[in-house]
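*Asks:* Chain by chain, the residues:
Protein chains: 2
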Amino acid sequence: MTDLMTRRFDTLGPYSPLFYDRPIEFVRAEGVWLTDVNGDRYLDGYNNVPHVGHAHPRVVAAIAEQAATLNIHTRYLNDRVVDYAERLLATFDDAIDRIVFTNSGSESNDLAFRIATQHSGAPGILISDFSYHGHTQALARVTTGLRAHEGLGGHVRTLRVPDLDGQDRGLPADAVLAAALREADEAIAALQADGHGVAAVLFDSLFSTEGLNRVPSGFVSGLADRVRRAGGLVIADEVQSGFGRTGRSFWGHGNHGIVPDLVTMGKPMGNGHPLGGVALPAALLDEFGPRNMYFNTFGGNPVSAAAGLAVLDVLRDERLVERAHANGRVIRDALAALGSEHPWIGVPKGDGLFFGVEVYDRPAAAADALPDPARTKAVVEAMRDRHVLISRIGRHDSVLKMRPPLAIEPPDVHLLLAAFSDALTEVEGRANAPISAF
Amino acid sequence: MTDLMTRRFDTLGPYSPLFYDRPIEFVRAEGVWLTDVNGDRYLDGYNNVPHVGHAHPRVVAAIAEQAATLNIHTRYLNDRVVDYAERLLATFDDAIDRIVFTNSGSESNDLAFRIATQHSGAPGILISDFSYHGHTQALARVTTGLRAHEGLGGHVRTLRVPDLDGQDRGLPADAVLAAALREADEAIAALQADGHGVAAVLFDSLFSTEGLNRVPSGFVSGLADRVRRAGGLVIADEVQSGFGRTGRSFWGHGNHGIVPDLVTMGKPMGNGHPLGGVALPAALLDEFGPRNMYFNTFGGNPVSAAAGLAVLDVLRDERLVERAHANGRVIRDALAALGSEHPWIGVPKGDGLFFGVEVYDRPAAAADALPDPARTKAVVEAMRDRHVLISRIGRHDSVLKMRPPLAIEPPDVHLLLAAFSDALTEVEGRANAPISAF
Numbered sequence: 342m343t344d345l346m347t348r349r350f351d352t353l354g355p356y357s358p359l360f361y362d363r364p365i366e367f368v369r370a371e372g373v374w375l376t377d378v379n380g381d382r383y384l385d386g387y388n389n390v391p392h393v394g395h396a397h398p399r400v401v402a403a404i405a406e407q408a409a410t411l412n413i414h415t416r417y418l419n420d421r422v423v424d425y426a427e428r429l430l431a432t433f434d435d436a437i438d439r440i441v442f443t444n445s446g447s448e449s450n451d452l453a454f455r456i457a458t459q460h461s462g463a464p465g466i467l468i469s470d471f472s473y474h475g476h477t478q479a480l481a482r483v484t485t486g487l488r489a490h491e492g493l494g495g496h497v498r499t500l501r502v503p504d505l506d507g508q509d510r511g512l513p514a515d516a517v518l519a520a521a522l523r524e525a526d527e528a529i530a531a532l533q534a535d536g537h538g539v540a541a542v543l544f545d546s547l548f549s550t551e552g553l554n555r556v557p558s559g560f561v562s563g564l565a566d567r568v569r570r571a572g573g574l575v576i577a578d579e580v581q582s583g584f585g586r587t588g589r590s591f592w593g594h595g596n597h598g599i600v601p602d603l604v605t606m607g608k609p610m611g612n613g614h615p616l617g618g619v620a621l622p623a624a625l626l627d628e629f630g631p632r633n634m635y636f637n638t639f640g641g642n643p644v645s646a647a648a649g650l651a652v653l654d655v656l657r658d659e660r661l662v663e664r665a666h667a668n669g670r671v672i673r674d675a676l677a678a679l680g681s682e683h684p685w686i687g688v689p690k691g692d693g694l695f696f697g698v699e700v701y702d703r704p705a706a707a708a709d710a711l712p713d714p715a716r717t718k719a720v721v722e723a724m725r726d727r728h729v730l731i732s733r734i735g736r737h738d739s740v741l742k743m744r745p746p747l748a749i750e751p752p753d754v755h756l757l758l759a760a761f762s763d764a765l766t767e768v769e770g771r772a773n774a775p776i777s778a779f
Numbered sequence: 342m343t344d345l346m347t348r349r350f351d352t353l354g355p356y357s358p359l360f361y362d363r364p365i366e367f368v369r370a371e372g373v374w375l376t377d378v379n380g381d382r383y384l385d386g387y388n389n390v391p392h393v394g395h396a397h398p399r400v401v402a403a404i405a406e407q408a409a410t411l412n413i414h415t416r417y418l419n420d421r422v423v424d425y426a427e428r429l430l431a432t433f434d435d436a437i438d439r440i441v442f443t444n445s446g447s448e449s450n451d452l453a454f455r456i457a458t459q460h461s462g463a464p465g466i467l468i469s470d471f472s473y474h475g476h477t478q479a480l481a482r483v484t485t486g487l488r489a490h491e492g493l494g495g496h497v498r499t500l501r502v503p504d505l506d507g508q509d510r511g512l513p514a515d516a517v518l519a520a521a522l523r524e525a526d527e528a529i530a531a532l533q534a535d536g537h538g539v540a541a542v543l544f545d546s547l548f549s550t551e552g553l554n555r556v557p558s559g560f561v562s563g564l565a566d567r568v569r570r571a572g573g574l575v576i577a578d579e580v581q582s583g584f585g586r587t588g589r590s591f592w593g594h595g596n597h598g599i600v601p602d603l604v605t606m607g608k609p610m611g612n613g614h615p616l617g618g619v620a621l622p623a624a625l626l627d628e629f630g631p632r633n634m635y636f637n638t639f640g641g642n643p644v645s646a647a648a649g650l651a652v653l654d655v656l657r658d659e660r661l662v663e664r665a666h667a668n669g670r671v672i673r674d675a676l677a678a679l680g681s682e683h684p685w686i687g688v689p690k691g692d693g694l695f696f697g698v699e700v701y702d703r704p705a706a707a708a709d710a711l712p713d714p715a716r717t718k719a720v721v722e723a724m725r726d727r728h729v730l731i732s733r734i735g736r737h738d739s740v741l742k743m744r745p746p747l748a749i750e751p752p753d754v755h756l757l758l759a760a761f762s763d764a765l766t767e768v769e770g771r772a773n774a775p776i777s778a779f
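For the protein sequence lines, the chains are A and V, in the order given. Read in order, the letters of the first sequence correspond to residues 342 to 779 in the numbering used here. Read in order, the letters of the second sequence correspond to residues 342 to 779 in the numbering used here.
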């Protein structure tokens, strides 16, 4: 163990997660490239927080200038936070016209729960059966995708999120949809029968933690309709899918043809500066506002607002959403082609610059193919050996997760794909890899 | 209403709190001085977040340099967060040797509840009957000092915090102490009888929201003993009282002669940069860590760590804690002298550079004197007219709250005191003020 790791364990403890068998110590980064303590450079195929690129000079300058000028809470007037609120709200459907600023996705989802629970007068929550939305106590009680000692609350019902490219591959989409919505009906009925009612459904438009599931068309809108009929609100968690990540639209919920009641934001919003928010219709804030003295000390301070504004500026001026769409198509086509060479990887999943492939223990097309987490990990480590950062997700930790900053340019896209092809070949060829099925 | 206020209400809504009858629009700040949009300067007698002074050049430079170099989560190794963790932990008793970084005091207190509740296996919480510790759903359920629609949880019991300079003035300290501890015993017994058990007591060492209560010696330690005997943990919320604010010690709990089990931090920690933390003994983290995959995306990023380190550097190099002690004594002496001229203000309350006086409707010494919120507000507004920022707190909003950045220098201390003397005289002399008792 390195000296730094010993010092880290002696202060932060050994439980704070670290990537890789041999963790990497980074010392600087720029665009889509990080440099480690030895001077070696790594291509970032993983990080969505440095959304417009590591250490983007416009974001850095905005933070530095505003920090040198004024950093204060919102109990005094300041135009910076209002400028940002206007710019951000302009990206939403007209129905969503208010914003509450927070410091993280966790604070945002926790606040959305407070608003929804107070609105409906009922605690009941519908949530995917393999998802993660933050670390507060209220969110721990709806956490299904990782360890949380609290366990699910009695007010929570879980839904299996269908995946036409995963567990439901080969099945007719309309049958999968009907089954999923029937399950939603049953969960709502169960919440009502048990006296919990329905406060909200909370979902990530990309179903990232689940493994980038491809849901049948009509699943999200059907779920939203049912929750609203039961008196609940629809919360779109855009921490992963927002700010143009999917290339197809600025907000992931746009890809499902719905307008949510509450939109929660975090990670990419300030390019790493701690910044989150909850966007909502005025009517909901007008209900919550008088009932609660909600005040967030750091939320909406002018430095955070300046960071957020700079991110919006760069997204626009560098046409990053359009580029996410274009680069995403190139990658998806390349991944599909790699699937012919390496039949043990599934079809490309995800949208825009959030993409992945499931890794199986035998050809993905085989009826008895099973997700293969060990081989997935081997690919992640093989990519690390090639100095490209990726990770894995999904119920079985068997979906390779790739999510570069939106600033990635075609030459680096090709480097990433070349490394990936090479890593797949290496893992496939390993004598000790469990690939006897081939 | 100004154009900016209209724009603010149209985006953030009208419920987000604003100070003063005529809110002030600030555009820049430096040290203890803020400048409004008209170029008028205000002395900051209120803000504790810009702890080492507004826009302190060393903090600004640290943020700017690190943001231009690397801003990444802690799943990779980085020495900056470890450097900060070591420096911060060195300020605590040896028993407290681990730190979890968060982005706010709310995230910190929410996490402390998770740790305490899991440790004790019981949900029961003891809390002051007029306090505030944050805005998450779990914290809303223990909020007694401001509006939270959730209302108190069934697992919560409240305690009246004694005040030898307020509601209990004139009573013998030992009788007040005995009554307060008897109340604690009863609250613990009630939690146990109702099956909630005792997870924790959470308190602010300065009892700021309560009104800067002067508690009898032995109150906090007696409470801590009782909670521990019942299997609960002691959580010191140092969001207000930490980082040398009290002048007497670096952490407010030091003034009560106890070592807590969990220490939560926020506001001043990053001088305005969103930063919080929970410090605790390794044994508690070793229990929580394996049971929960706790990960905080922004928590402990190198920019936040750089901001935190710079704050510690400035506190040390500018001897701000010692200065808080010295300036605090000057202020307290002056406030005591002002009390002779204006008998309707109470004795000076608080510690170090967090101080206040209660405003009464007649001489504070009178047996029938009552807190006078209208007159308190009049003093706050009269100070605003003199371009000095203060506010008010307490159950009756009748305690003038003064809490300048620790960077304040003696000349500005004297300006603040002169303005205060002047404001008291003005309010006292107003024909329409309810001072007929004089």
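Rather than coming from a laboratory, the hints here were simulated on the basis of the structure. Here the structure is a predicted model, which means the values were calculated and not measured. Wrong hints could be hidden among the right ones.
Claimed, not checked - Restraint-style ranges between C-beta atoms, simulated for each label pair:
1. V:P355 <-> A:G598: 45 to 51 Å
2. V:H490 <-> A:P355: 38 to 44 Å
3. A:E663 <-> V:E722: 51 to 57 Å
4. V:M342 <-> A:P355: 41 to 47 Å
5. V:P355 <-> A:L512: 49 to 55 Å
6. V:G380 <-> A:D627: 34 to 40 Å
7. V:P355 <-> A:D435: 15 to 21 Å
Every residue gets a Cβ at the ideal spot worked out from N, C-alpha and C, and that includes glycine.
*Asks:* Each hint: holds or not?
*Replies:* Verification of the supplied hints:
1. V:P355 <-> A:G598: 45 to 51 Å: Given about 33 Å between the Cβ atoms, the range is violated.
2. V:H490 <-> A:P355: 38 to 44 Å: 40 Å, holds
3. A:E663 <-> V:E722: 51 to 57 Å: Cβ of A:E663 to Cβ of V:E722: about 52 Å, so the range 51 to 57 Å holds.
4. V:M342 <-> A:P355: 41 to 47 Å: Given about 55 Å between the Cβ atoms, the range is violated.
5. V:P355 <-> A:L512: 49 to 55 Å: 51 Å, holds
6. V:G380 <-> A:D627: 34 to 40 Å: Since the Cβ atoms of V:G380 and A:D627 sit about 36 Å apart, the hinted range of 34 to 40 Å holds.
7. V:P355 <-> A:D435: 15 to 21 Å: 20 Å, holds
The structure fails to meet hints 1 and 4 from the earlier list, while all remaining hints are met.
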